[in-house]
Amino acid sequence: MNNHNTATPRRISVSIRDVQFGEGVTVIEPSNLYECHIGDHAFIGPFVEVQRGVVIGKRTRIQSHTFVCELVTIGDDCFIGHGVMFINDLFSSGCPATDPSAWKPTRLGHRVSVGSNATILPVSICDNVVIGAGALVTKDIEIPGIYVGNPANLLRGF
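So in the numbering used here, spot 30 of the sequence shown is number 30, and the numbers just go up one at a time.
Hints in this document: simulated from the structure, not taken from any laboratory.
Here are the simulated DSBU-like pairs of lysine-lysine, each with C-alpha atoms no more than 35 Å apart in a straight line:
no., residue 1, residue 2
1, K58, K139
2, K104, K139
3, K58, K104
Quick list of the computed label-pair ranges, beta carbon to beta carbon:
no., residue 1, residue 2, range
4, N153, D127, 13 to 21 Å
5, R52, T138, 22 to 30 Å
6, G145, R11, 42 to 50 Å
Here a beta-carbon is modelled for each residue, glycine too, at the ideal position from N, C-alpha and C.
Given only the sequences and the hints, what does the whole structure look like? Please build it.
This is the structure:
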């Protein structure tokens, strides 16, 4: 007896739709970008998802395999490394929020560099910050400098 399910799944294709692009933007496909704003001369690498309402500043580079969820704003002249994950749901009730009003915003200032495989929880990060590779940012960063570790802490200021 064959127990394989023969149902057809609902398929949603990767797409670029309803995006406000600035001048000179480069997008490497496949990427999934929708209902967001990408500033002038920005770069979006392959296998990147940028969700609705996200704002990406001028001359910002987002490398491959990065996920930028709703409620994220990234300033001008930023660098987002490979595999960076932005989080907007803190699982405050112990499970994923079914109501998007429970999600929290994230804001990166200008000239922020985020190393590969870092995770950024809903925080505010000031201008002129470097987040080390693999770091977990759990609270606001208000002092320019280099932050590393889990949780991310100031290694040294500028």
